[in-house]
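There are 2 protein chains.
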Amino acid sequence: APKNAGEQKKGAQNSKGKSGKFVLKTPKGTRDYNPAEMAVRRKVFNTIYSVFHMHGAVEIETPVFELKEVLTGKYGEDSKLIYDLEDQGGEILSLRYDLTVPFARYVAMNKITNIKRYHVARVYRRDNPAMTRGRYREFYQCDFDIAGQYEAMLPDAECVQLVHQVLSKLDLGEYTIKINHRKILDGVFGACGVPAEKFRPICSAVDKLDKSPWEEVRKEMVDEKGLDPSVADTIGEYVKLSGREELIEKLENDERLKGSAAAQAGFADLKLLFEYSKALGCDTYLVFDMGLARGLDYYTGVIYEAVLKAGQEGGEEGTVGSVAGGGRYDQLVGMFDPKKKTVPCVGVSFGIERLFAIQERKDKAQTDKIRATQTEVFVASACKGMLMERLKLLGTLHTAGIKAESSYKNNPKLLNQLQYAEDNGIPMVVLIGESEVQEGVVKVRNTSSREEVTVKRDELTTVIKQRLTVNL
Amino acid sequence: APKNAGEQKKGAQNSKGKSGKFVLKTPKGTRDYNPAEMAVRRKVFNTIYSVFHMHGAVEIETPVFELKEVLTGKYGEDSKLIYDLEDQGGEILSLRYDLTVPFARYVAMNKITNIKRYHVARVYRRDNPAMTRGRYREFYQCDFDIAGQYEAMLPDAECVQLVHQVLSKLDLGEYTIKINHRKILDGVFGACGVPAEKFRPICSAVDKLDKSPWEEVRKEMVDEKGLDPSVADTIGEYVKLSGREELIEKLENDERLKGSAAAQAGFADLKLLFEYSKALGCDTYLVFDMGLARGLDYYTGVIYEAVLKAGQEGGEEGTVGSVAGGGRYDQLVGMFDPKKKTVPCVGVSFGIERLFAIQERKDKAQTDKIRATQTEVFVASACKGMLMERLKLLGTLHTAGIKAESSYKNNPKLLNQLQYAEDNGIPMVVLIGESEVQEGVVKVRNTSSREEVTVKRDELTTVIKQRLTVNL
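As you go down the protein sequences, you meet chains A and B in turn.
If you're matching positions, the first sequence starts at 1 in the working numbering and goes up one per residue.
If you're matching positions, the second sequence starts at 1 in the working numbering and goes up one per residue.
Where hints are given, some of them may not hold.
Which copy is meant is left open, so a pair is good if it fits within one copy or across any two.
[Claimed, not checked] Taking lysine-lysine and the BS3-like style, the derived pairs with C-alpha atoms no more than 30 Å apart in a straight line are: (1) Lys-271 to Lys-409; (2) Lys-362 to Lys-309; (3) Lys-111 to Lys-413; (4) Lys-111 to Lys-198; (5) Lys-25 to Lys-111; (6) Lys-25 to Lys-80; (7) Lys-208 to Lys-384.
Hints in this document: simulated from the structure, not taken from any laboratory.
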């Protein structure tokens, strides 16, 4: 039976619809990017790439899906959000959930002992999308990781420096880099009386502090995860703390944490991190935040998260946006090695969709439009019958490496052609008409000044290139 | 019960294995790309992007999966190769099979009347992989398409010109661009007595001519697709033909084809294509090949395919590699429009994996190694205890936009550091020791000449930048 539009939309979710009977859309939580949006992306990507190259990082690429077993047991409570492929005979596959686990698989599989690599690609999470806030089911991650057995905290400090460099180069406003340490969290949990098997679930609850108030987090600890209410309350005292070196020193001498080898190891690491960051010129951005936990199971050492300060994201009062995060994960590679031989790793991932959104708002506030094309010359007919001449000019300009377009019409109107060049920010127009053909010349017109000069055809590419250089 | 290694490998295909009990690999038909391979890719991509920009194309991006219904009924016999996602509640999704159908969906959904766009991304086909020959289940396509109602064959000629420009810029050896026309094929099929409903299946059989001998193709036509043997034989006479303008003229007057409106329309198009290509300077690469059919159902007009000439691909005698293909598809956008309103399109797709493979072999034959990093300066300790000084220098160099690395060791050996710079092609080393710290200087060493000069610390970035400019 025929359905109304509303039912069709619903029906499209679960049934194999017939051609023409479905709602034309992208899958839930995904979107297309139009040319203007892509131009913004390229700009953000290129900035990030330039910082990655600054650090001598190499690039790798892995498949968009992995054997399901590669992803199993790596993400804790978030595993339920993994996209599985249908069993069509053959291997059981899942779409990658992040770039870190595939990286660890790559390191283990190729028996790599040290590498500093970046990887920019999309990952997939069956989360509840909040697209207006930049949260999608398909989104880019820009990852930079250092694998290898090195001097304590040196690669970690490099990752923090890199976060600072990317965010200051993107120039999207003030930011803070929160840091904490899984060993400090575990030390606190242990000292407060949390049984070891509950460290990760309780850590996962603490992770929700940036979205939920303490009361809700406490409820999860007590009601869902069976923690003694007084233990939860003691944890609550610690995770509220934040500061800098002086807080580390205070906690080193804390009665409960004094005897915790884990916490003390964490404090020593963070002190080194502050020291190295000072030498690298980025220590002023650091804040030691005991409430930072990071959701994923695989972190083992320092963790960090960069947040843009409140009120900057286009006026959403009080919104603090996390735009990068990461940490040390020393055991992940070992999970893939038959002999459990591991390679220590530390890395950072930039949450690019949010950076795009902020960059877009910033660009819209400016008068200069970002161009979606790079065309330098528009080849225009000054009169009818010039099609073949225009094609020849296009061939000549392209051969000289000049970016040039022309109309697809046989006899386009001159005014429309000039308007097109103006609308699309094409700096120069090459005009050809009958008299120009006879004299072996063309006119070169400056789009913004409208000034025109006559140029010999065999000097055209030289003249254009000179003018392009001057404009740069 | 424990299994031996061979059984484990088999078991991993169909069962949810336990951690550590599976074979560490990428999914069938996929692979990782290591840093050296990625450097080759970037080089090939950048060349292709530069040509796309030459033509004023804009970039778009679409999700990696689509609603399954978007892909249904677009690919003919190849539909069985589509990867489906598991139904985890919600929409039924499939991985994209090419970039053309998502592009048509994008055009229809956004009611776009004209756009010239490129899109570089991976697509997914559950084909039998032949990885040594560059055929994967996950592979890149570089697509350039022009949508819009324009003067006949002008966008088509631009696509052919673009294929020529990309291949000549990549400089991978001699190539030919085969062209044909779906209307000519349909005209031939009709004139030979093929019933209309068998046009596409018979076209699909002709498409196999580049891999199989005529005898096999004929067998498929007769045995599988129920064609009269004499009809197949007549088709066989036509699909063997190839030539240039003179073949078009001959066939225009062919007794069987004279009365075929479809064939005559196709001939008129090809004549225009030759004429425009001449003006654009790329006609000498064209060959009219009646045996070219292209597999996909959606083509409606001119079709083309670029092949590298035999014997070039690293000595594989007689191998002719198809590296790009495309054509006109005027009805695809209409399949997504509720009122069947269409937008005519023409485009081309570069088969990038094969181009990579050829570029890699070419690079290996050369002495100059492609670097996987771009590092300009290595900061080295000349003696112990220089770690904090090295970090300060890294901070200074990075702030000045200079790409610089240093060792992660507290006290690395000088020789090892110099060797690292040499092995990785890093052109300069900045050396710091105790006496340099006291005097406020550093040594700048040229890696290849080994010449060293002493430079004041506050002049360091200026000196480095000068030296980098000179080397360019």
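Okay, the hints, checked on the actual structure:
1. Lys-271 to Lys-409: between (68 Å within a copy, 18 Å between copies)
2. Lys-362 to Lys-309: For Lys-362 and Lys-309, only the intra-copy Cα distance (15 Å) is at most 30 Å; the inter-copy one is 50 Å.
3. Lys-111 to Lys-413: between (64 Å within a copy, 25 Å between copies)
4. Lys-111 to Lys-198: neither (33 Å within a copy, 54 Å between copies)
5. Lys-25 to Lys-111: Close across copies (13 Å), not inside one copy (43 Å); limit 30 Å.
6. Lys-25 to Lys-80: both (25 Å within a copy, 23 Å between copies)
7. Lys-208 to Lys-384: neither (68 Å within a copy, 45 Å between copies)
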